[in-house]
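**Student:** So the sequence lines, in the order shown, correspond to chains A and B. Note that our numbering has the first sequence beginning at -18, numbered continuously upward. Note that our numbering has the second sequence beginning at 9, numbered continuously upward.
Read the hints as simulated data drawn from the structure, not as lab findings. Any given hint could turn out to be false.
[Stated by the list, open to error] Pair by pair, the computed Cβ-Cβ distance ranges are:
#, chain 1, residue 1, chain 2, residue 2, range
1, B, E88, A, G160, 52 to 58 angstroms
2, B, P42, A, P154, 38 to 44 angstroms
3, A, P149, B, Y37, 23 to 29 angstroms
4, A, A35, B, A96, 18 to 24 angstroms
5, B, R33, A, G160, 43 to 49 angstroms
6, B, P42, A, S156, 34 to 40 angstroms
7, B, E88, A, A138, 42 to 48 angstroms
8, B, G41, A, P100, 57 to 63 angstroms
9, B, S30, A, A210, 16 to 22 angstroms
10, A, A211, B, A96, 43 to 49 angstroms
Backbone N, C-alpha and C define an ideal beta-carbon position, used for all residues, glycine too.
Given next are the chains, with one letter for each unit.
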Amino acid sequence: MVGYAELWRADPEAWRAAAAAWRILSAGLGRRGAEVTLVAAGLRGQWSGPAGSAADRRLAAVSEPCGAAAADCLATDQVLAEFAVRLSRAKATLAAAVARPVHPLVRVDERGRVTVAAPGGRPDPEAFAAARRTADGIRAALDLAGAADEEAVRRLADLTAAAAAGWPMERPPGSPACGAEPVAVRAWWGALTDAQRRWLVVRTPALVGRLDGVPAAARDRANRALLAAAPGPATARLSERLAADGRPRAYLLGLDVAGDGRAIVAVGDPDLADHVLSYVPGAGTGLADLPGELGRVDRMLERAAVLAPDRSVAGVLWLDYDAPDLINDALRASYAQDGGPALHRFQEGLRASHDGPAHLTVVAHSYGSLVVGVTARDHGLAADDVVFLGSPGVGVRHAAELGLPTDRVWSSTAANDPIQRLAPSLVQAAREVAFAALVPTAAPWLLARPDADLWHGHNPSDPSFGGRVFFSDPSDPLHGHSDYWRYGNPALDTVARIALGLA
Amino acid sequence: MFADDVLVCPEALRRSAATLSSIARRLAYEAEGPPLEVPAEGLQSGVALAELTATVRQRLAVLSASTVDAAVLIRRAAGEYEATDERAVRRSRAVA
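Whole structure, please, built from the sequences with the hints as guidance.
**Tutor:** Given below as structure tokens:
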């Protein structure tokens, strides 16, 4: 139970700072473990025989606990970062409860008790109603903080017990079959002991890091270990974001540095948030663009936090497909078709690993909307809402073909977004130009009119597509195709409301 | 130094032992390192975190000590291999 005064005094920033300190400790321990492993490997070539083997075992008895301790210190970082988020939410709820215009006769004392003055002994029904609302708001905030405190205590106690036992590891009896459904993976993971999970994260990070259905926190621990073991210029900016203090904690759910690079990065733990937004970017994106694309996720989450401070939302940048590099590559649907199975599995995994039911939204930009549309059409998509922004078509003629209720399919294309002038073929484009030449008075209308059919199917922002179309401000003449995340653009708030389940 | 399935390079053992000593020092530093707790009046999490911090620091100190022990043993092994080798050389010369 957290008290009113304690909640006011609680400092989420201090918990974030502590989380960062544990993260740094984890990195240091990981390096020490790797150094001991390196010493052991060097010795093996210089010292063979029974004594050499005994020394090898002795060094393993140091390096393995270092790796296990590093994993658990990272788990502590996750617990503290999540606690800071929940504490911030509780404080925001409390502030909203007492800051809202209450009745002039209502008072809140320093212990959070709400009283109503009755001048002349006459009770005022409006004042009582206002007092009840205020008291309910305070209670809600204290409940949020109390639940967060209890959860953190439980998880920290588990981590303490593991540390006291020397971070035990035990090889599990088996692992999921290749291609196992995320639901089966989740069931397998749920049946393991903590020692077995620790063994998997430390010994098989490449398996755990990409296994849909494994909880995000465990995937993050595995992938960060992989990243630390193979640093390079391609991942420098990713590492910077993962280490960032003073920003919501990022979870690395997948990483592949081959080619343009791929990554899945969550902001906030998607298994614990009530609402999870997955963002699929468009053509020309790779690891080098990660900060900018993650910035879009950050903006959607920031607006969601402003619009509903008491709701928990996590955002995921899903950059786990080979996005077309050039505009002519984006004419081909094969990139989207190739990415479909992975997106399908990832969303299924989000659903499977989530603690209880979650509201899932997939937001897609540009070519990413084709990836989402093709996935929904061919494989199914675990999502409650789907949002297309600046889409060149999504691979279907009508929203109903996506397998979702049509009122949960959303689309926006700004009036100044050139994507909507993408006729599906050169023949049609030539026909339009010829028509404009023959009927010059029709040219302005023809050029301003969004095309109903685009490169990859019916324009989802066309009313006849059957989804719900929303407005995007076209006032920026230079960035029509990328302006959906500008602060002040109503489209950004609409997306945030959809992600919050408020639209 | 060779003997059937035994191969030893004492100098390599000494280098490894030195590296391990250095690692042990860094582990000890990490065990005693910067603050990991949060002073949090009224929050049970603050108490739980303090307990975890104390336990982790203690375990890291043990790990550091184990690393020191390993370094000492490896260094001693190098010395003993060399001493054994020298004794063997002396005996061989005596026989000759």
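**Student:** Each of the hints needs a verdict: does it hold here or not?
**Tutor:** Hints and how they fare:
Between B/E88 and A/G160, the C-beta spacing of about 54 angstroms keeps the proposed range 52 to 58 angstroms intact. A beta carbon spacing of about 40 angstroms between B/P42 and A/P154 agrees with the range 38 to 44 angstroms that was offered as a hint. Between A/P149 and B/Y37 the Cβ separation comes to about 25 angstroms, which falls inside the hinted range of 23 to 29 angstroms. For A/A35 paired with B/A96, a C-beta distance near 22 angstroms keeps the hint of 18 to 24 angstroms intact.
The beta-carbon spacing between B/R33 and A/G160, approximately 47 angstroms, falls within the hinted interval of 43 to 49 angstroms. B/P42 and A/S156 have their C-beta atoms about 38 angstroms apart, which keeps the hinted 34 to 40 angstroms range intact. Restraint check, B/E88 to A/A138: a C-beta distance of roughly 46 angstroms satisfies the suggested window 42 to 48 angstroms. Between B/G41 and A/P100 the beta carbon distance is about 60 angstroms. The supplied range of 57 to 63 angstroms therefore holds.
For the pair B/S30 and A/A210, the beta carbons lie near 20 angstroms from each other, so the given range of 16 to 22 angstroms is met. Checked against the hint of 43 to 49 angstroms, the C-beta distance between A/A211 and B/A96 comes to roughly 46 angstroms, which is consistent with it.
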